[in-house]
Amino acid sequence: MSSGGCVDNPRVAADPPAIETEALTKRYGRHRGIEDVSFTVRPGEVFGFLGPNGAGKTTTIRTLLDLIHPTSGSARIFGLDSRRESVAIRARLGNLPGDFGFGREATGREAVRLLSRLRGLDGGARADELAQRFRADLDRPLGQLSRGNRQKVGLILAVFHRPELLVLDEPTSGLDPLMQEEFLALVAEERERGCAVFLSSHELDEVQRVCDRVGIVRGGRLIAVERMADLLGKARRRFSVELADPSRLERLRELPGVSDLELAGNRATFTAAGDLDAVVRELAGHHVVDLEATHPSLEEVFLGYYDEGEA
Amino acid sequence: MSARGGAPLGAQVAALVATHLSDRRRSVLAWGLPLGLMSSFIVAIYPSVEESLSKAIRGYPQGLKEAFGIGQLSNIEQYLHAEMLSLIVPLAMGYLAVRAIASGLTLAAESGRLDVLLSAPVSRSRVVLAGFLATAVELAVVLLVTGLLCGIGSLLAGSGLDASRAAAGFADVWPLALLFAGFAAIAAGFSLRTSVVTGSVAGLLVAMYVVDLVGRLDTGLSGLRYASVFKYYGNAIEDGIEPVAFLGVTLAACALAALGAWLFERRDLAA
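Respectively, the protein sequence lines represent chains A and B. Counting in my numbering, the first sequence runs from 1 upward without gaps. Counting in my numbering, the second sequence runs from 1001 upward without gaps.
One or more hints might be untrue.
[Unchecked claim] Simulated restraints on C-beta separations:
#, chain 1, residue 1, chain 2, residue 2, range
1, A, 189, B, 1248, 54 to 60 Å
2, A, 181, B, 1008, 37 to 43 Å
3, B, 1008, A, 83, 21 to 27 Å
4, B, 1052, A, 139, 45 to 51 Å
5, B, 1203, A, 230, 55 to 61 Å
6, B, 1011, A, 74, 28 to 34 Å
7, B, 1203, A, 189, 51 to 57 Å
8, A, 32, B, 1262, 28 to 34 Å
9, B, 1227, A, 176, 34 to 40 Å
10, A, 88, B, 1262, 16 to 22 Å
11, A, 79, B, 1214, 58 to 64 Å
12, A, 88, B, 1267, 57 to 63 Å
13, B, 1063, A, 99, 53 to 59 Å
14, B, 1199, A, 27, 27 to 33 Å
[Said to hold, decoys possible] Just a few of them, taken from the derived set where beta-carbon distance is under 10 Å, the chain A residues facing chain B:
#, residue
15, 69
16, 105
17, 117
18, 120
19, 239
Because the hints were derived from the structure by calculation, they are not lab data. In this text, a Cβ means the ideal position worked out from N, Cα and C, and glycines have one as well.
Hey, can you work out the whole structure from these sequences and the hints?
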């Protein structure tokens, strides 16, 4: 699904970056926040910010939004300084915080009304349209809603004003699979509209399906920025294959990128990294009874990346 | 649909104040009703206790009478001041002011609301300013409710409370309480924990009261009273509102809120 097309588009490339950070660093006394984080997100690009919990994703987002101030380095959004011009920046962005809340007694509609008034627009109709799409209840107090339903309200508040940049911190947490699909469709539509999306997640599957590029953050440092396709190429995937004739399963061991081969009867289980063409060609010559592929976990993606770096 | 610069200052502050007041609408009853009923009770029973009270007061130590502003209780206004306006109402309203500011800043930060608000094109100082203005309105409304209930009590009991003097007495609490809203804004500039903000400023409120009390009891320590806002509070129900003190304390409250907004603008709003 990811195309990476927006970064190659000359019209989009001529615009100032939606986000541009340079050696962005935040320290909390002796504690690490983020260190020397530099990346660029182009208008119309969906940029995944991938990392385990505590890696520095939320710290980066809060620094971009001027909720916390960087210790050093800088961030520019649409060419505007994230500190000095944060109000002007926020007029153009939508944000879904990682742990969305608006008080227990307020309703989603009250929140929409307040944010509409602060933004100087009437976003009620668009909010209703989104509420219908996500089956969100804007009229019940948020304290009476489940986490997933609150998250839907947060999502509506982030997008109802048609921002030019969407900053989403773990946006699908709590959403059921159907709504996750709807959310991914919405992100794709926003990209089509020209909106840049900065999507923080620790779910590789979510990032893989919608992002053009991905930044991997670990231990407060940005360790890689890759096109989605390149990242997946480095990821190690686990396969389990059952052949009608097991005598030739041993040949899998000789294929490039294949490791950890285990044989049991007619079934072989192995790990494959990088280009899968050789594996597919080899299997194509056999009667394949069953084939299972497991998505790599985030840690497996990291391992794939490190293996590549060491090679 | 995306508006480039957000709504104008006035519209943003009006929206924030309206939301703050809507969130705090219950406090008008939660604070105004008990204070008003208590005041009402005080003025209602005055005619029946007037005689015995005067006798009892004559036996009180002079220092105690001066400390609590009960030098004499020869009329209902003095009684209302001694029972309500010298201690209970100012302390309660000061604490209410702290809670109101905390509601708009620290509680909003704890609930995640502040993050959502600050996703919109509104500066933090506007959020603080709006919280302060809303608190000023909330205090005025609660004092109005308290005063009205007190007046109704007097009318029903035929106590003869002078309405304009009583109004001056209740109105004089407003700048004093607002000052603690200003202190709370400053405290929120240092800590986003509601318990820290309410605890520290409520402590300051009580400390200022005690300092003023000690200064009144011991003339040798009277200089301490300059450190307390209660020195400038006076006894408006008897002496009328002192305009310089009223305006001075109000301006001081605004200055503290402005300093609080400046601090809040510069602090990290950690997750």
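Results for each hint:
1. In this structure the supplied range 54 to 60 Å holds for residue 189 of chain A paired with residue 1248 of chain B, their Cβ-Cβ distance being about 58 Å.
2. Our hint of 37 to 43 Å for residue 181 of chain A and residue 1008 of chain B holds, since their Cβ atoms are close to 40 Å apart.
3. The hinted range of 21 to 27 Å is satisfied by residue 1008 of chain B and residue 83 of chain A, whose Cβ atoms lie roughly 23 Å apart.
4. A C-beta distance of roughly 58 Å is found between residue 1052 of chain B and residue 139 of chain A, which places it outside the suggested range of 45 to 51 Å.
5. For residue 1203 of chain B paired with residue 230 of chain A, a C-beta distance near 59 Å keeps the hint of 55 to 61 Å intact.
6. Look at residue 1011 of chain B against residue 74 of chain A: about 32 Å separates their beta carbons, and that is inside 28 to 34 Å.
7. Take residue 1203 of chain B and residue 189 of chain A: their Cβ atoms lie about 54 Å apart, and the range 51 to 57 Å holds.
8. A hinted range of 28 to 34 Å for the beta carbons of residue 32 of chain A and residue 1262 of chain B is consistent with their spacing of about 29 Å.
9. Residue 1227 of chain B and residue 176 of chain A have their C-beta atoms about 60 Å apart, which leaves the hinted 34 to 40 Å range violated.
10. Taken as a hint, the range 16 to 22 Å holds for the pair residue 88 of chain A and residue 1262 of chain B, whose Cβ atoms sit roughly 20 Å apart.
11. Residue 79 of chain A and residue 1214 of chain B have their C-beta atoms about 60 Å apart, which keeps the hinted 58 to 64 Å range intact.
12. A C-beta distance of roughly 21 Å is found between residue 88 of chain A and residue 1267 of chain B, which places it outside the suggested range of 57 to 63 Å.
13. About 55 Å separates the C-beta atoms of residue 1063 of chain B and residue 99 of chain A, a value consistent with the hinted range of 53 to 59 Å.
14. Range check, residue 1199 of chain B to residue 27 of chain A: about 29 Å between beta-carbon atoms, so the 27 to 33 Å window is met.
15. Using the Cβ-Cβ criterion of 10 Å, the hint placing residue 69 of chain A at the interface with chain B is satisfied: the shortest such distance is roughly 6 Å.
16. Because the beta carbon of residue 105 of chain A sits about 7 Å from the nearest beta carbon in chain B, less than 10 Å, this interface hint is met.
17. Proximity of residue 117 of chain A to chain B holds as hinted, the smallest CB-CB distance being about 4 Å (cut-off 10 Å).
18. Taking 10 Å as the C-beta cut-off, the interface hint given for residue 120 of chain A holds, the closest approach to chain B being about 3 Å.
19. About 39 Å separates the beta-carbon of residue 239 of chain A from the nearest beta-carbon of chain B, more than 10 Å, and the hint is not met.
Checked against the numbered hints listed earlier, the structure breaks hints 4, 9, 12 and 19; every other hint is satisfied.
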